[in-house]
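J.: What follows is each chain in one-letter form.
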Amino acid sequence: MNPRTLPLLATLGVFLLAYALCALQFPAMLSTRVVANLLTDNAFLGIVAVGMTFVILSGGIDLSVGSVIAFTGVFLAVTIRAGLDPVAGFILVLAITTAFGAVMGAMIHYLETPPFIVTLAGMFLARGVCFLMTTDSIPIDHPVYDTLTGLSWRIPSGGRLSLIGGVMVLVFIAGIVLAHRTRFGTAVYGLGGNRTSAELMGVPVARTTILIYALSSGLAGLAGIVFSLYTSAGYSLAATGVELDTIAAVVIGGTLLTGGVGTVAGTFLGVMIQGLIQTYVIFDGTLSSWWTKIVIGGLLFAFIVFQRGLVHMAARRREAARLATGMPVVSPAG
Amino acid sequence: MTLARPFRALPAATPQILTFALVLFANWLVFPDFFDLRLQDGRLFGSLIDVLNRGAPVAILAIGMTLVIATKGVDLSVGAVMAIAGAVAATLAADGHSLPVIVLAALAVGLACGLWNGILVAVLDIQPIIATLILMVTGRGIAQLVTEGQIVTFTHEGLIAVAGASLLGLPMPVVIAFALAGLAAALVRFTALGLLIEAIGINRTAATYAGVDSRSVLIAAYAVSGLGAAVAGLIAASDIRGADANNAGLWLELDAILAVVVGGTSLFGGRFSILLSLVGAFVIQAMNTGILLSGYPPEMNLIVKATVIVLILIVQSPAASRMKTFLRPPESRR
Numbered sequence: 001m002n003p004r005t006l007p008l009l010a011t012l013g014v015f016l017l018a019y020a021l022c023a024l025q026f027p028a029m030l031s032t033r034v035v036a037n038l039l040t041d042n043a044f045l046g047i048v049a050v051g052m053t054f055v056i057l058s059g060g061i062d063l064s065v066g067s068v069i070a071f072t073g074v075f076l077a078v079t080i081r082a083g084l085d086p087v088a089g090f091i092l093v094l095a096i097t098t099a100f101g102a103v104m105g106a107m108i109h110y111l112e113t114p115p116f117i118v119t120l121a122g123m124f125l126a127r128g129v130c131f132l133m134t135t136d137s138i139p140i141d142h143p144v145y146d147t148l149t150g151l152s153w154r155i156p157s158g159g160r161l162s163l164i165g166g167v168m169v170l171v172f173i174a175g176i177v178l179a180h181r182t183r184f185g186t187a188v189y190g191l192g193g194n195r196t197s198a199e200l201m202g203v204p205v206a207r208t209t210i211l212i213y214a215l216s217s218g219l220a221g222l223a224g225i226v227f228s229l230y231t232s233a234g235y236s237l238a239a240t241g242v243e244l245d246t247i248a249a250v251v252i253g254g255t256l257l258t259g260g261v262g263t264v265a266g267t268f269l270g271v272m273i274q275g276l277i278q279t280y281v282i283f284d285g286t287l288s289s290w291w292t293k294i295v296i297g298g299l300l301f302a303f304i305v306f307q308r309g310l311v312h313m314a315a316r317r318r319e320a321a322r323l324a325t326g327m328p329v330v331s332p333a334g
Numbered sequence: 001m002t003l004a005r006p007f008r009a010l011p012a013a014t015p016q017i018l019t020f021a022l023v024l025f026a027n028w029l030v031f032p033d034f035f036d037l038r039l040q041d042g043r044l045f046g047s048l049i050d051v052l053n054r055g056a057p058v059a060i061l062a063i064g065m066t067l068v069i070a071t072k073g074v075d076l077s078v079g080a081v082m083a084i085a086g087a088v089a090a091t092l093a094a095d096g097h098s099l100p101v102i103v104l105a106a107l108a109v110g111l112a113c114g115l116w117n118g119i120l121v122a123v124l125d126i127q128p129i130i131a132t133l134i135l136m137v138t139g140r141g142i143a144q145l146v147t148e149g150q151i152v153t154f155t156h157e158g159l160i161a162v163a164g165a166s167l168l169g170l171p172m173p174v175v176i177a178f179a180l181a182g183l184a185a186a187l188v189r190f191t192a193l194g195l196l197i198e199a200i201g202i203n204r205t206a207a208t209y210a211g212v213d214s215r216s217v218l219i220a221a222y223a224v225s226g227l228g229a230a231v232a233g234l235i236a237a238s239d240i241r242g243a244d245a246n247n248a249g250l251w252l253e254l255d256a257i258l259a260v261v262v263g264g265t266s267l268f269g270g271r272f273s274i275l276l277s278l279v280g281a282f283v284i285q286a287m288n289t290g291i292l293l294s295g296y297p298p299e300m301n302l303i304v305k306a307t308v309i310v311l312i313l314i315v316q317s318p319a320a321s322r323m324k325t326f327l328r329p330p331e332s333r334r
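Just so you know, the protein sequences line up as chains S and A, in that order. For the first sequence, the working numbering begins at 1 and goes up steadily by one. For the second sequence, the working numbering begins at 1 and goes up steadily by one.
FYI, nobody ran anything at the bench for these hints, they're computed from the structure. Fair warning: this is a prediction, and the values are worked out from it, not measured in the lab. The C-beta atom is built at its ideal place from N, Cα and C for all residues, glycine as well. Worth double-checking, as some hints may not be accurate.
Stated by the list, open to error - Which stretches of chain S does chain A cover? Using the computed rule of at least three CB atoms under 8 Å from a CB of chain A, they are: (1) 111 to 122; (2) 130 to 143; (3) 301 to 312.
Given only the sequences and the hints, what does the whole structure look like? Please build it.
T.: Shown next, in the form of structure tokens:
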């Protein structure tokens, strides 16, 4: 078996086991209504997580996504209140957030700085701009919003797949195609595997880095649109800490934090596991919501240790293979 | 050479001290009473003292963060550890325990958190940003567990004195911050510890081969960071006479990282100064106070911070230093 699919299988196993345990205790968890709500409630998280998967696959990190979501929501609320058509607002805000990500990517590449500090600055900047636009929570009341939130596809037996849940599924499918079936996807995996080798093999490092962060911020903008449809409001303190939930979802989904190994499909499972824990807390009724954080932290720890074990085993297997074939040691100086 | 070592930081400190002076000067321009100090009941009052007092928790966090960043790591969990330590202290205070018991318990909790981070980084070889992310996600949940989901308040004289009392006219938090910074700076500069930390930050593998016990030094750096977070948590709890698990120390990890970066410690590891990080923390607080005094919305803070990070990144970047070499007159080039 390919060891690279092992993390994905482990995530799938955890998800199925957790769902089975939940369903044993609350048989209602099996209804399509719960499944459809799982998709709707986690739509914005899933969309950002696709972008974050690409960032982490390339060996980087993006801390600005939560602030970008809040910025998008506030921007839409303020411009719609000022009389802008929501559809024009959507296009404008997607352009702004994508450009924002491209600038961060350019800084990371050309200034040779760690992604975490550049995106930290981006996080402060986006949140600060939100606060400057307004510190209030502004409701969005527009016919277009009513139409969009009303759209849903009725699944037999009662569930409703809302528009935003559908958008998330589409983004995941697009992400899977982009990661595994395009030149850009290969370049991302190459960068994360070994930057120097990728560069020597002709991967356009500058363009790919800028595109990765533009994609991440652009998807955060899309998530912001979805979030504003979900809450029908714009609030500058919204979506704090979403960057951490997103990183956790990507890691639980089996993507190696060192970059180069992972799948977009795994991230989907990571998001669903988080959603499942929240749903369980709601079904139980007596548990406090902070148990969600503790369980997610525990899972994060378990998966990281599991990944370290896999990397360690792979290194030992390579070493054993090298000794068996009697290949000479390649010294860096030689 | 051996004598010069402790004083080596002095000429290098010029940009930070100039920045601090400049920010203070700007504050004086917008608020002419800025430097007014008055002595009342044996205690100094004034905006300048206020800057030091409000900046003290971040200054204390910055001490440990400096050591961690010098090893090429980062500690994202300090804000959450503050919340846990504050929750433990407030709960014990509400139960009427004596001050030494409260302080020791809070410090023990901070030390345990630091050791946990250190073991994840040094023994399990997990990237620092992710290793400390686990505690950052889980920490607030744990703090909620301690306070049982409530904001615990107390009227414990001893604990209130931690932030409320004064020594030699200075508020206690300022005294604690300066004492801890002096102690830590002496420890790393008058012993080989600072050298070992720098060696690990520059190249951990090389340092290990050269005989540095990099595991112990790394664990010690994270332990110091955890202890500092516990002290800052005690001050924060004492300041509001209660423990708020959701908001205590929220986003302070970012301020602490910013303070260290403003202080000139390299994010690429290897070059650090604890005393300059202290100056960095007070620069940040002076900017906050200045924005408040000048009547601009406090939300401007985030944008100012983002601009500062970007400027420092540009100045510190390898690209800028290449540019400097390029622009230097030919005769001084080697």
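J.: Next step is simple, just say for each hint if it's right about the structure.
T.: Right, here's what the structure says about each hint:
1. 111 to 122: As far as the region 111 to 122 of chain S goes, the hint holds, because 10 residues have Cβ atoms under 8 Å from chain A.
2. 130 to 143: This one holds; 3 residues, not fewer than the three required, reach chain A with a Cβ under 8 Å.
3. 301 to 312: holds (count 4)
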